[in-house]
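**Q** From first to last, the protein sequence lines are chains X and S.
Going by this note's numbering, the first residue of the first sequence is number 1, and it counts up by one from there.
Going by this note's numbering, the first residue of the second sequence is number 1, and it counts up by one from there.
Computed from the model, here is a short list of chain X residues facing chain S with C-beta under 10 Å:
hint, residue
1, 66
2, 94
3, 97
4, 105
5, 110
6, 111
7, 172
To be clear about the criterion: a stretch of chain X counts as covered by chain S if any three or more of its residues have a C-beta under 8 Å from a C-beta of chain S, and this derived list gives those stretches:
hint, stretch
8, 113 to 122
9, 127 to 141
Coverage of chain S stretches by chain X, computed from C-beta distances (three or more under 8 Å per stretch; other residues unrestricted):
hint, stretch
10, 173 to 184
11, 188 to 202
Rather than coming from a laboratory, the hints here were simulated on the basis of the structure.
All C-beta atoms, glycine included, are put in the ideal place defined by N, C-alpha and C.
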Amino acid sequence: MEGGEAPLPGGAGEKRERLRVESLTKVYPTGKRALDGVDFTIREPGVVAVIGSSGAGKSTFIRCVNRLVEPTAGRILLDGVDLVGLDRAGLRAARRRIGMIFQEFNLVERLTVMENVLAGRLGHVGLVDTLRRRFAPADVDAAFDLLERVGLEGFHDRRADALSGGQRQRVGIARALIQRPDLLLVDEPTASLDPRTARQIMRLVRELAVERATPAIVNLHDVALAREFADRVVGFSAGRIVFDDAPVALDDSTLDRIYGGENWHAPPEDDPPSTSSGARPTTLDDAGA
Amino acid sequence: MSASLAARSWQPSSMFGGRWQRRTLLFAFAAYCVWSIGDLAIDHARVMRGFGRAADMLARMWPPDFSRWELLGRGMLESVQMAIASSVIGAVFCVPIALCAARNLAPAPVYVAARALIVVGRTFHEVIVAILFVKLFGFGAVAGMLTLAFSSAVFLAKMIAEDIENVRPGPVEAMRATGARFGQVVVFGIVPQVVVRALGVFIYRIDANLRHSTVIGIVGAGGIGQTLAASFTRYDYDFSAAILLCIAALVALGEWFSDHVRRRLR
Ligand SMILES: Nc1ncnc2c1ncn2[C@@H]1O[C@H](COP(=O)(O)OP(=O)(O)OP(=O)(O)O)[C@@H](O)[C@H]1O
Ligand SMILES: [Mg+2]
Numbered sequence: 001m002e003g004g005e006a007p008l009p010g011g012a013g014e015k016r017e018r019l020r021v022e023s024l025t026k027v028y029p030t031g032k033r034a035l036d037g038v039d040f041t042i043r044e045p046g047v048v049a050v051i052g053s054s055g056a057g058k059s060t061f062i063r064c065v066n067r068l069v070e071p072t073a074g075r076i077l078l079d080g081v082d083l084v085g086l087d088r089a090g091l092r093a094a095r096r097r098i099g100m101i102f103q104e105f106n107l108v109e110r111l112t113v114m115e116n117v118l119a120g121r122l123g124h125v126g127l128v129d130t131l132r133r134r135f136a137p138a139d140v141d142a143a144f145d146l147l148e149r150v151g152l153e154g155f156h157d158r159r160a161d162a163l164s165g166g167q168r169q170r171v172g173i174a175r176a177l178i179q180r181p182d183l184l185l186v187d188e189p190t191a192s193l194d195p196r197t198a199r200q201i202m203r204l205v206r207e208l209a210v211e212r213a214t215p216a217i218v219n220l221h222d223v224a225l226a227r228e229f230a231d232r233v234v235g236f237s238a239g240r241i242v243f244d245d246a247p248v249a250l251d252d253s254t255l256d257r258i259y260g261g262e263n264w265h266a267p268p269e270d271d272p273p274s275t276s277s278g279a280r281p282t283t284l285d286d287a288g289a
Numbered sequence: 001m002s003a004s005l006a007a008r009s010w011q012p013s014s015m016f017g018g019r020w021q022r023r024t025l026l027f028a029f030a031a032y033c034v035w036s037i038g039d040l041a042i043d044h045a046r047v048m049r050g051f052g053r054a055a056d057m058l059a060r061m062w063p064p065d066f067s068r069w070e071l072l073g074r075g076m077l078e079s080v081q082m083a084i085a086s087s088v089i090g091a092v093f094c095v096p097i098a099l100c101a102a103r104n105l106a107p108a109p110v111y112v113a114a115r116a117l118i119v120v121g122r123t124f125h126e127v128i129v130a131i132l133f134v135k136l137f138g139f140g141a142v143a144g145m146l147t148l149a150f151s152s153a154v155f156l157a158k159m160i161a162e163d164i165e166n167v168r169p170g171p172v173e174a175m176r177a178t179g180a181r182f183g184q185v186v187v188f189g190i191v192p193q194v195v196v197r198a199l200g201v202f203i204y205r206i207d208a209n210l211r212h213s214t215v216i217g218i219v220g221a222g223g224i225g226q227t228l229a230a231s232f233t234r235y236d237y238d239f240s241a242a243i244l245l246c247i248a249a250l251v252a253l254g255e256w257f258s259d260h261v262r263r264r265l266r
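Based on the sequences and whatever the hints tell you, model everything.
**A** Right under this line is the structure:
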């Protein structure tokens, strides 16, 4: 994928809108306004990195897109269909087309690698076949291919809890991709991994998103990773988008705009209790370097 | 100690608060013991007579009489069958109850209803339920089996519901995010997280049902307990002794089996 430019590259004309988010707002029952009128559009495949300080609303944003968090207001159009109005069956159908990758991998530990990957096909399988762990031969085939692709050839019968963090995330990636998604949602895929593994995982996410021409929204705490692996960077601050441009446009003043202001002055109770906020200073140092 | 400069003192916080609270509690407990022993108005003569009768009874129990082994065997078999069948029936019925009684799965009204059922079911001891079922279904193993099936379902449901509430939410969420249906989320996201412990609890329950099945027979709900009660009423103490020995052996066997299987699960 070349140089990476989000909004309408010259000469391309009207591009199909893959995802369009309109004035998305989320107010939690606690009264916390985590998202405050977010507008956001994806027209082409590639990696969109979402950065912002802890509590800026990155996870809330990503989880609103597949309605793991129920939006308070706004519209989410995936290929023209508004996900917000969907009933349960419609939502399930939409979720089949959205792959999700998690910081904590969220594998089912007692299941094998193969079962974890095939779980990505559950939306296409009946309950009886689920009980019997029966999946279409084509799905099993695809699972083997994907395991090979993510570097886990021969691991299919290992139990997920016998894997290292990096290997687990590879399984998580395979599980998301076997859905053949039209959109990938990735919430801090590398925050539980060492720096080297983190880069390998980000590279893998990027390669697969490009190979399959699937747009990916990736929450990142590490600005250096965003610079290196994203085609487009979106900066969140206090539930609003304050930056949306190519990674090259990220300079000190824009980083100040994203990470500064609110976070230096915000009272500590604004921070979610269990976050990797300790990483914040390093992130800024990296960015400055 | 007083505030010396170098060493700062620290004490673990006690369950019963400070030193004075602890002393007060201890004193209150001692006072209660004295009062209750006095208040029980124990009739010494009666206690002594009881001991005398016990000696007489023990003498008549020896040697145990296994001559009616057919009756004994039939009772034992009935108890074992009752225990196994009721465990299986209980295991089947506990699943929907457990799912409904897990706060992280069921909507609030369903949750409250299921929890209420569990509370009611656990309020009444097996013997009380057995008395009720004997009234409803007549003497015999059917009443006993229903009793044990009911209390097993409630017991298993309570244990499993608690495990379901403690599953890691991440994998469950991941399953939902793939567009899986509720049943599939349960099968892939929840069952693997609870199945081993649930099996352990189930095995334990078979063992418990074996023990209960020998007791509820006494109120007429079939099994070896009924045989035992009959032998006592007829003063066939030597036969009673044989029955008691067999029950002890059976319970020990059940316990060994349960321990053995649960140790191998993991
Ligand atoms: N379930 C919830 N209930 C109430 N408030 C919540 C909930 N989840 C998140 N919040 C609040 O919403 C705000 C945004 O949280 P969110 O998790 O989206 O931030 P984030 O940008 O992902 O942070 P981090 O980088 O630490 O993951 C925070 O102030 C957080 O405390
Ligand atoms: Mg987050």
